[in-house]
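Asker: In case you want the letters, here they are:
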Amino acid sequence: MKQLFEIYGWPLTTFFSACVALWLTILIVTPQFFMIELSLRFEDRGDRLTKIVNDLDVLYRDKGTKEYDLVNGPACNTTGMVNPMMTGDSSCAQFGEEDKLRLEQQVRELEDRIQSLLVEEQNLKEIKAQQFPYSVRNYTAMTGLHAWTLTKTVAFALIVTLIALAACYPVAYAVALRSGPVKTVILFTALFVPYAVNELMRIYAWLTVFDLHGLLNTLLVIAGFASFASDEVIIWYRFPGTVLVVLVYTYILFMVFPIYNTMATLDPNQVEAARDLGAKTWRIHWRVIIPHTKPGIAVGCIMTFMLAAGSFSVPYIITRGLQPKWFTQLIYDKFYESSNWNLGSAYSFTLLLICILFIFGVMAIFGVKLRQLAR
Amino acid sequence: MNDKAKISRALRDGSRRSFLKKSAVVAAAAATGPWIVNSLAASKEVKVFAWVDYVNQDMIDGFEKETGIKVNLTTFGSNDEAEQKTKASGGKGWDVIFPSVTNRANYEDANAPGGIWLAPIDEKRANLKAIIPSFLRDSIALGAVYRDKRYLIPYDWGTEGITFNSKVVNLKDAEVSFGDLWRPEVKGKVAFRQKSVIMGTGLYLDSTGVVKSNRMLDVYKSEEDARRVWSAITVWIIERKDWFGAFWNNATEATSAFKDAGAVIGQTWDTTGLLLAQEDSAYKYRAPKEGIITWLDSVGILAGAENLDEAYKFINYILTPKVGAVFSNKTGYNSAVAGFGDYTSDTFKRQFAEVYRPDVLSNMWWWQADTPWFAPMRSEFVEKISNA
Chain A
740 MKQLFEIYGW PLTTFFSACV ALWLTILIVT PQFFMIELSL RFEDRGDRLT KIVNDLDVLY
800 RDKGTKEYDL VNGPACNTTG MVNPMMTGDS SCAQFGEEDK LRLEQQVREL EDRIQSLLVE
860 EQNLKEIKAQ QFPYSVRNYT AMTGLHAWTL TKTVAFALIV TLIALAACYP VAYAVALRSG
920 PVKTVILFTA LFVPYAVNEL MRIYAWLTVF DLHGLLNTLL VIAGFASFAS DEVIIWYRFP
980 GTVLVVLVYT YILFMVFPIY NTMATLDPNQ VEAARDLGAK TWRIHWRVII PHTKPGIAVG
1040 CIMTFMLAAG SFSVPYIITR GLQPKWFTQL IYDKFYESSN WNLGSAYSFT LLLICILFIF
1100 GVMAIFGVKL RQLAR
Chain B
36 MNDKAKISRA LRDGSRRSFL KKSAVVAAAA ATGPWIVNSL AASKEVKVFA WVDYVNQDMI
96 DGFEKETGIK VNLTTFGSND EAEQKTKASG GKGWDVIFPS VTNRANYEDA NAPGGIWLAP
156 IDEKRANLKA IIPSFLRDSI ALGAVYRDKR YLIPYDWGTE GITFNSKVVN LKDAEVSFGD
216 LWRPEVKGKV AFRQKSVIMG TGLYLDSTGV VKSNRMLDVY KSEEDARRVW SAITVWIIER
276 KDWFGAFWNN ATEATSAFKD AGAVIGQTWD TTGLLLAQED SAYKYRAPKE GIITWLDSVG
336 ILAGAENLDE AYKFINYILT PKVGAVFSNK TGYNSAVAGF GDYTSDTFKR QFAEVYRPDV
396 LSNMWWWQAD TPWFAPMRSE FVEKISNA
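Going down the list, the protein sequences come from chains A and B. Heads up, this note's numbering is the position in the first sequence plus 739, with the first residue counted as 1. Heads up, this note's numbering is the position in the second sequence plus 35, with the first residue counted as 1.
In case anyone wonders, no lab produced these hints; they're calculated from the structure. One or more hints might be untrue.
As the list claims (entries may be wrong) - What the simulated footprint calls covered on chain B by chain A, stretch by stretch (three residues with Cβ under 8 Å from a Cβ of chain A suffice, anywhere in the stretch; the number is not a length):
1) 113-119
2) 294-308
3) 402-414
All C-beta atoms, glycine included, are put in the ideal place defined by N, C-alpha and C.
Build out the structure end to end from the sequences listed, making use of the hints.
Answerer: Given below as structure tokens:
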């Protein structure tokens, strides 16, 4: 810190520190804290309070309808366009005195029941407010189906990482060590250009390949293996492989770059020296290039794995819902479909923990330290 | 090279310095920009949060021409999305919202100012007289009222029935059934959304006596009944998983299920079937004999609405018969505004008469008001179907 003050002077250093602090609070601490807090609150939807709130709702609706009738008379059809009615008379008759009295009596009875339930609701709310609100029930609530989804998602992300590694290592090697400046530029441009296109557009582009009348099926028809007319075509998005292919394609650059970066710092003389001393090609890779590239490979694997495990759009768009959902989609559903933010938070935190475990696992396998990764 | 030397070298590098300066200018502009725009527009704007196809350009232009108020439109694709986004934004950010009337209870939240993320409707300012009276009345039973105050105004109704390609499956109008999704000849070419196929197929199974559910009203009765009925239906559907052709969650996906994913029959909203039929007469949208699934959508005001005057002006504008007709012509949904029928197009009138025969209108199945267990349990069974 003292060094920073000496180099930049106090105004700039203060500004930088403030920016870093803001970044940490807004982007890291606050959302994580919010999420952990939510995940530790268990919402019991089967408790007495929920039931009372629901019962109150039913009574209020009933009372509201009766009060409406008292003011407006029985519902009647008054429009030119025929309209459906669920309840009520279709005639426009007026209520008689007797009907009115009966309705008023019913409204009063409903009001009494509402009042007693309101008291009980208030009591239960006060009791709830005094209770300790936190528990780990959301973390232990994962059902078999959800655990299986999580396992599959992690397994798929691992497969994606391995395929990407197998595909990227040769590419990085070719660009870093085996090509002159011109070739390097050409190869890099070829790698880069697809990534100038928006990620969603690239995913939808793959949909046109896998679709029923897409590129793959059209080629099959031209080759005579399939037919559009008799519907003998392959429904590609039923195969899990499609998601893997698109994921590898989408995140491959995050594997190439770290590997290329570390590989490019290797002195080519070392490779030559190894060859001169009689090492075979595989041995040169195993003993010279890979050990040097380890941090790059580790970073590439970590980034690809995290992105693949956390990918939402690829499985969502490519499968058209016809494959079992990924864990990320499950988390989305917890928030947006079943309205259970607490469980959703617990699930997303579980996924985060698994990803962190993966990082440490990879670091242990490759024997790299956090300091090396940061470089 | 030590860190100090690295940093001072970086500092000497002129390009980085000018980059820093430039980025500071950009950051400053970005920070002030939205604030200026906000303060300028605050007085003449209404922020609308609506279903994707609900507020079309004609309505926006017409409203702006009449009142000079700009419409700032955000769209959603499902009730759940609208609810969760409202909850996430604390009931602010929009003025007018279009929930399904049966979903009002999902806007209740202990964290909301009045216990709910919606604002009570001021019946003096909203032109409730414009609405067909039976909708105004029935909307109370479906959930438009919360603790003695009205929060939602009926806006339109529509249905979820069967869309089919009559060139492939030729069904007679009066004999269409929710069970037709599972006919042998449509294997692998069926489109539906999981959360409502368990209702449609449930109605079919109730009518054939396989799973008794009192016309699916049992799932609203109690948690135990809901679990009993939906479990049995889900098992029955999963046994036929080879029939699944495409799932949809919004109107766009439903249309694409037929156009791109090869579906020939599906349980869809009316808009999908009716608009497909306008393009290609082979497509038909018909009511199943078990009773077509019907929903009532509504318009309301958010608890944190900033432009209340503009919001009421907007609501009263869309509740005029002419605008109701513009809405219906474009979407195929039916306006809840009295007298909108006089302004609808011939196509709309013809399609309405084709689908909503008198026997259909007297046998509609209405979505009921949500209960606390409804959404979570339904999503549990939806997951089972999705993972089949």
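Asker: If a hint holds in the structure, say so; if it does not, say that too.
Answerer: Here is how each hint holds up against the structure:
{"no.": "1", "hint": "113-119", "in the structure": "holds (count 5)"}
{"no.": "2", "hint": "294-308", "in the structure": "holds (count 3)"}
{"no.": "3", "hint": "402-414", "in the structure": "holds (count 8)"}
Checked against the numbered hints given earlier, the structure satisfies every one of them.
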